[in-house]
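Protein chains in written order, with the UniProt record's numbering: chain A, 1 to 417; chain B, 1 to 417.
The set of hints was computed from the structure by calculation and includes no laboratory data.
Model, not experiment: these values are computed from the prediction.
Check the hints yourself; a few may be wrong.
A pair counts as met if it fits within one copy or between any two copies, since identical chains are not told apart.
[Unchecked claim] Within a straight-line C-alpha distance of at most 20 Å, the following computed PhoX-like cross-link-like pairs (lysine-lysine) qualify:
no.: 1; residue 1: K163; residue 2: K411
no.: 2; residue 1: K180; residue 2: K70
no.: 3; residue 1: K163; residue 2: K384
no.: 4; residue 1: K411; residue 2: K384
There are 2 protein chains.
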Amino acid sequence: MADKKPVNHIRLTSHPDGETPGVPIRWGDPEPLRRGPVVATLTEPAHRNVIGTHSGAYAVYRALAVAAGKLPQDHRADLKNTSPAAQIGPYPAWNDPERIVSLDPWGAIAPQVFRAYTEQDIDFRPTIAVTKAHINLPELRDAVAAGRLKPDGDLLQANGDIKVTKAAVEPVWFLPGIAKRFGMTESALRRGLFEHTGGMFPELITRPDLHVFLPPIGGLTLYAFGRVEALADRDTPLAVRVHDECNGSDVFGSDICTCRPYLAHGIEECVRTAQGGGSGLIVYLRKEGRALGEVTKFLVYNARKRQEGGDSAATYFQRTECVAGVQDMRFQELMPDVLHWLGITRIHRFVSMSDMKHDAITRSGIEILERVPIPEDLIPADAKVEMEAKKAAGYFTKGPVADAATLAQVKGRGLDV
Amino acid sequence: MADKKPVNHIRLTSHPDGETPGVPIRWGDPEPLRRGPVVATLTEPAHRNVIGTHSGAYAVYRALAVAAGKLPQDHRADLKNTSPAAQIGPYPAWNDPERIVSLDPWGAIAPQVFRAYTEQDIDFRPTIAVTKAHINLPELRDAVAAGRLKPDGDLLQANGDIKVTKAAVEPVWFLPGIAKRFGMTESALRRGLFEHTGGMFPELITRPDLHVFLPPIGGLTLYAFGRVEALADRDTPLAVRVHDECNGSDVFGSDICTCRPYLAHGIEECVRTAQGGGSGLIVYLRKEGRALGEVTKFLVYNARKRQEGGDSAATYFQRTECVAGVQDMRFQELMPDVLHWLGITRIHRFVSMSDMKHDAITRSGIEILERVPIPEDLIPADAKVEMEAKKAAGYFTKGPVADAATLAQVKGRGLDV
Numbered sequence: 001m002a003d004k005k006p007v008n009h010i011r012l013t014s015h016p017d018g019e020t021p022g023v024p025i026r027w028g029d030p031e032p033l034r035r036g037p038v039v040a041t042l043t044e045p046a047h048r049n050v051i052g053t054h055s056g057a058y059a060v061y062r063a064l065a066v067a068a069g070k071l072p073q074d075h076r077a078d079l080k081n082t083s084p085a086a087q088i089g090p091y092p093a094w095n096d097p098e099r100i101v102s103l104d105p106w107g108a109i110a111p112q113v114f115r116a117y118t119e120q121d122i123d124f125r126p127t128i129a130v131t132k133a134h135i136n137l138p139e140l141r142d143a144v145a146a147g148r149l150k151p152d153g154d155l156l157q158a159n160g161d162i163k164v165t166k167a168a169v170e171p172v173w174f175l176p177g178i179a180k181r182f183g184m185t186e187s188a189l190r191r192g193l194f195e196h197t198g199g200m201f202p203e204l205i206t207r208p209d210l211h212v213f214l215p216p217i218g219g220l221t222l223y224a225f226g227r228v229e230a231l232a233d234r235d236t237p238l239a240v241r242v243h244d245e246c247n248g249s250d251v252f253g254s255d256i257c258t259c260r261p262y263l264a265h266g267i268e269e270c271v272r273t274a275q276g277g278g279s280g281l282i283v284y285l286r287k288e289g290r291a292l293g294e295v296t297k298f299l300v301y302n303a304r305k306r307q308e309g310g311d312s313a314a315t316y317f318q319r320t321e322c323v324a325g326v327q328d329m330r331f332q333e334l335m336p337d338v339l340h341w342l343g344i345t346r347i348h349r350f351v352s353m354s355d356m357k358h359d360a361i362t363r364s365g366i367e368i369l370e371r372v373p374i375p376e377d378l379i380p381a382d383a384k385v386e387m388e389a390k391k392a393a394g395y396f397t398k399g400p401v402a403d404a405a406t407l408a409q410v411k412g413r414g415l416d417v
Numbered sequence: 001m002a003d004k005k006p007v008n009h010i011r012l013t014s015h016p017d018g019e020t021p022g023v024p025i026r027w028g029d030p031e032p033l034r035r036g037p038v039v040a041t042l043t044e045p046a047h048r049n050v051i052g053t054h055s056g057a058y059a060v061y062r063a064l065a066v067a068a069g070k071l072p073q074d075h076r077a078d079l080k081n082t083s084p085a086a087q088i089g090p091y092p093a094w095n096d097p098e099r100i101v102s103l104d105p106w107g108a109i110a111p112q113v114f115r116a117y118t119e120q121d122i123d124f125r126p127t128i129a130v131t132k133a134h135i136n137l138p139e140l141r142d143a144v145a146a147g148r149l150k151p152d153g154d155l156l157q158a159n160g161d162i163k164v165t166k167a168a169v170e171p172v173w174f175l176p177g178i179a180k181r182f183g184m185t186e187s188a189l190r191r192g193l194f195e196h197t198g199g200m201f202p203e204l205i206t207r208p209d210l211h212v213f214l215p216p217i218g219g220l221t222l223y224a225f226g227r228v229e230a231l232a233d234r235d236t237p238l239a240v241r242v243h244d245e246c247n248g249s250d251v252f253g254s255d256i257c258t259c260r261p262y263l264a265h266g267i268e269e270c271v272r273t274a275q276g277g278g279s280g281l282i283v284y285l286r287k288e289g290r291a292l293g294e295v296t297k298f299l300v301y302n303a304r305k306r307q308e309g310g311d312s313a314a315t316y317f318q319r320t321e322c323v324a325g326v327q328d329m330r331f332q333e334l335m336p337d338v339l340h341w342l343g344i345t346r347i348h349r350f351v352s353m354s355d356m357k358h359d360a361i362t363r364s365g366i367e368i369l370e371r372v373p374i375p376e377d378l379i380p381a382d383a384k385v386e387m388e389a390k391k392a393a394g395y396f397t398k399g400p401v402a403d404a405a406t407l408a409q410v411k412g413r414g415l416d417v
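The following block holds chain A by itself, in its conformation from the complex (with noise of 0.2 Å):
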């Protein structure tokens, strides 16, 4: 370790000047090296490479712990053991400063490509964990019990197991590339994300030299099924599903939406096609309540069932609007990144509705071949206000769209019942 003299006065942020980091992360570079490990640990601050630091949110907890003296503020992690249990790229897209800028490509990997800088005493972990797991979900059993699904003992097995791959993925943004993606200048994106945060993270504004953030938010997960390697092969079916953390649905089976239902369904058609020889992927992404968070979710939620005659298709959006001032905040422009991670220029079956989703994907260069709607057997009653009010609005469905008549007509529940 570097040399470290008891430093006991607080700085308020860092500044670039003859601070250079030792380490520059050139974003895009296909060679590792050249590209640079993303040095966002605490251990060494000199080191340090980026804006914000490891785990997302968590990095309050951590910071807590530190605080409160259960955890050393110069652990380094044993990293022993923990190497992805499936080895995912490098593919093209690596390459691409412009093609993944909220994830980093190197981020499961980091500790083998970027051997070199450990050798240099430089601390940094990786961003993305790949591991293998079983999953087990009733709605599969059911599945498998209504005959839809045939057990074969390796994939699907007859207790209802499902093998698949899964990865968890830190945020790490590079700025001058979410900038582009959002026809923004990067001092804009700085700014804005430094003053209507309440302030977070000064280094926004005072160290232009760091051009990587890794914004304290929720990040994702994947799940896929059957040969990871597949997933990069455009002739080779796949299905995917993209989906938004709803918590009221995704474990509670809240009936106010087709999350769960949508989800399960997802999953049986990845099942499916991997059993035919293609693959599967489920990516569920934590952007609660269309990332307005679940606290804004509820407070819509009384907003509608209470409005003037009751709960209906026709002013689902505007209540959203009243009470978050946009529809919608999840910003699915950033969603493909994990898809070009993950090699993949076609998709075959695509189980989502979201034209919006759809639109970012195609916009970012990956084929869709078709898209497959929520089976109509799927749709709680109470969700249909939503449903209808969504391919209304743009939703892709094959059946027919409500006029705004109609529309007025489709009504949910009220609170009381």
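Use these hints to put chain B onto chain A, whose structure you have.
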């Protein structure tokens, strides 16, 4: 609105000199107008009386929306029809500045009780939202089919729908109370939170006059079964499960842990207790992977399953400690706050085996009469490693606790099986 001059310079932080907030917060004051609202909005910076802003980690998405020109920075929420769908409190614990320190007890009814401030053009928002819903889980339908639960046509309907009152709660930290809870000074807490997040929120350092912090972390959701007001009646039977998020099991049914099966069992206990004239409560806390985040969790899975001798109950905790430096970062010390917010003073059936949760709750002054372990037949085979390790480390059980030799025999599946 107050006159605003166009300001174009960037302020890196603020200082207390001459800008004492117009609305002080007197945490724990029983009179709401003296307590004062939490003003965390950014529409009028001079009115703010806290550090940080609303929506936890989703504040970053909100900032992106403003930067991208999708959301006007002066948007004020239209809160019409959003007030709580059930009345909760006030309860005596709301008046104790040390009893509730991690949420704002007035957060759900802020627009009502602080109306006088709205009339002074102060823009503040609720930090808690209370609504009503129907939930429907396959495991609960199975409980009906198996005759363990009987539909009553009201709380539990023939199709498996369960009526709940639910609330989403944003974190609101009263820093002196948090510091006291962990036995440190407020200034050590502030400095730790600032420095070990990589320099988040310099106001933690420069605004010692602001004692309330809205950290950018996930909050919690609660699901109440039966009469919400009965939660506070110590003579009405109450079943409670306090559940820490585990996306891999809660949503996807991973078999490496017992999270979803135990959660479903907890809901079943809540329904049964409510049907018998009592009430039930599930608290769901966003603390993925013991608040270490999912990347760390998956790294640990790999280390567990690849270690010499394979995954074993004998070495279960060490693998987390190698990677993360601690076994756990959930800080159960803050968790009882939500129980006090609900007026709970006695839990009749506590559906959790965690000694950390049990001890935190009873130390906070709430009585626990009975602890309900997970039924043996709900434990997936691969989850026995975790279960036996935790029982040996102090988890509640009515059965035998494995000795070191037996723990070494409890083995999990390998990565590639």
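Taking the hints in turn, this is what the structure says about them:
no.: 1; hint: K163 <-> K411; in the structure: between (41 Å within a copy, 19 Å between copies)
no.: 2; hint: K180 <-> K70; in the structure: between (41 Å within a copy, 16 Å between copies)
no.: 3; hint: K163 <-> K384; in the structure: between (33 Å within a copy, 19 Å between copies)
no.: 4; hint: K411 <-> K384; in the structure: within (8 Å within a copy, 47 Å between copies)
When each numbered hint is compared with the structure, no violation occurs for any of them.
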